[in-house]
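Required output: the full structure, derived from the provided sequences and hints.
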Amino acid sequence: MEMQFTDQNFQSEVLESDKAVLVDFWAPWCGPCQMMGPIVEELAKEMGDRAKVGKCNVDENSATAEKFGIMSIPSIKIFKNGKVQQEFIGVQSKEALQKALEKLA
Amino acid sequence: MYDLVIIGAGPAGLGASIYASRYKLNHLVLGAEVGGQVVEAWEIENYAGIESISGKDLMEKFKKQTIDLGGTIVSATVTKISKNYDGFEIITDDGKKREAKSVILALGMKPRKLNIPNEDKFIGKGISYCATCDAMFSRGKDVVVIGGGDSAATAALHLAEFVNSVQLLFKDGTKVFEPAWEQRMAETGKIAVASFEKIDEILGSESVAGIVYETKDGKKKELKVQGIFIEIGSTPGVMLAKDLGVETDEQNYIVVKQDQSTNIENVYAAGDVTTGSNKFRQIITAVAEGAVAAGSVYKKLKLVKK
Numbered sequence: 001m002e003m004q005f006t007d008q009n010f011q012s013e014v015l016e017s018d019k020a021v022l023v024d025f026w027a028p029w030c031g032p033c034q035m036m037g038p039i040v041e042e043l044a045k046e047m048g049d050r051a052k053v054g055k056c057n058v059d060e061n062s063a064t065a066e067k068f069g070i071m072s073i074p075s076i077k078i079f080k081n082g083k084v085q086q087e088f089i090g091v092q093s094k095e096a097l098q099k100a101l102e103k104l105a
Numbered sequence: 001m002y003d004l005v006i007i008g009a010g011p012a013g014l015g016a017s018i019y020a021s022r023y024k025l026n027h028l029v030l031g032a033e034v035g036g037q038v039v040e041a042w043e044i045e046n047y048a049g050i051e052s053i054s055g056k057d058l059m060e061k062f063k064k065q066t067i068d069l070g071g072t073i074v075s076a077t078v079t080k081i082s083k084n085y086d087g088f089e090i091i092t093d094d095g096k097k098r099e100a101k102s103v104i105l106a107l108g109m110k111p112r113k114l115n116i117p118n119e120d121k122f123i124g125k126g127i128s129y130c131a132t133c134d135a136m137f138s139r140g141k142d143v144v145v146i147g148g149g150d151s152a153a154t155a156a157l158h159l160a161e162f163v164n165s166v167q168l169l170f171k172d173g174t175k176v177f178e179p180a181w182e183q184r185m186a187e188t189g190k191i192a193v194a195s196f197e198k199i200d201e202i203l204g205s206e207s208v209a210g211i212v213y214e215t216k217d218g219k220k221k222e223l224k225v226q227g228i229f230i231e232i233g234s235t236p237g238v239m240l241a242k243d244l245g246v247e248t249d250e251q252n253y254i255v256v257k258q259d260q261s262t263n264i265e266n267v268y269a270a271g272d273v274t275t276g277s278n279k280f281r282q283i284i285t286a287v288a289e290g291a292v293a294a295g296s297v298y299k300k301l302k303l304v305k306k
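Residue numbers (this note's numbering), protein chains in the order written: chain L, 1 to 105; chain H, 1 to 306.
For the record, the hints were derived by calculation from the structure and aren't laboratory data. All the pointers check out, no bait thrown in.
If you want a taste of the chain H side facing chain L, the calculated C-beta under 10 Å gives, among others:
| id | residue |
| --- | --- |
| 1 | Val-39 |
| 2 | Ala-41 |
| 3 | Gly-55 |
| 4 | Thr-92 |
| 5 | Ser-128 |
| 6 | Thr-132 |
| 7 | Cys-133 |
| 8 | Asp-134 |
Only pairs whose alpha carbons sit at most 16 Å apart, straight line, appear in this in silico EDC-like list of lysine to aspartate or glutamate:
| id | chain 1 | residue 1 | chain 2 | residue 2 |
| --- | --- | --- | --- | --- |
| 9 | L | Lys-103 | H | Asp-93 |
| 10 | H | Lys-125 | L | Glu-87 |
| 11 | H | Lys-121 | L | Glu-87 |
| 12 | L | Lys-99 | H | Asp-93 |
Sample of chain H residues with no beta-carbon within 10 Å of chain L, all distances over it, derived:
| id | residue |
| --- | --- |
| 13 | Met-1 |
| 14 | Ser-21 |
| 15 | Asn-84 |
| 16 | Met-109 |
| 17 | Gly-173 |
| 18 | Thr-174 |
| 19 | Glu-178 |
| 20 | Asp-200 |
| 21 | Gln-251 |
| 22 | Gly-295 |
| 23 | Leu-301 |
Every residue, glycine too, gets a C-beta built ideally from N, C-alpha and C.
Structure, rendered in structure tokens:
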């Protein structure tokens, strides 16, 4: 299942993770983000233990959103070894995200 | 091989799938953006049978109905469509190939870009095409909205709730928003409106720091802003169709006949991307075109003897 990343757990779950982590920055008022949601959920299922996949609600976790300079949502970043490896802005296909994540998994 | 592959998962594509399922056509919907542009609409009050609904909720209903009827939506971007011996070959961004006897192009519209230097570089770093999504990130900042239509005016009004100031810039001669908006904008005390002749440049290193434009009388002006919201309409997303040789009109809309067929046999088109429905470009006309297109595929494949 997809994870929920927050200001509290971002350091331990994302930045210190030994696996690649895909974070979908979203907010409830953003229509395109709502359509991205099920895609991220499916991706989480398909990736299983090979990578972490989750969402970060920028409305509730503004410190994290600010730290990573989020100015447009949906915004998707893939982290590995504590660093952003790849980023996407706007709605993305599951296939495109999976391809990028598999490379780092 | 599928009877039909529908490319695009907005109202036209899902409308086509709903009818294709009822006609028992073996089909698939390929689309990265389920719901299409509708999901950005805050409120929809002109879709018959539904008094008021948000774009995202309406498209969730479309999606559910599509799937409940047996349709399959694959979240993938189509990169190429080509004609082969007995149908079409469709390639998606994961490199997968699918074959179909017929295709419905429900490609929709894309936000129009300014096409100036640095625009792509700053997407997500101060440049936005969706004010409802990104207004919050401009809290307390100074921003520019570019555009002269109602979407630009409503974007400015929405932004005014968050930002320090909004400068609405429209290209000289393109101010078409309803006068009622002008009054509402004045009442906020935060929105200034001015015209430009040409946008020269977007300033900034890591993110947007300003914009340089020229006025009609040739003066250069520079504004220090941290956000630029581009609301200059949309343009048909026809690259895939053009590569396949589908005929488009001078504005890039796919030319369709009454049955939604195009100049290429077994290629149909539906929704905002077509010349159909008097180019009305409404949800209800997109769905209708999708339904007609699916009906035409059914007639061609199942009713006519080869």
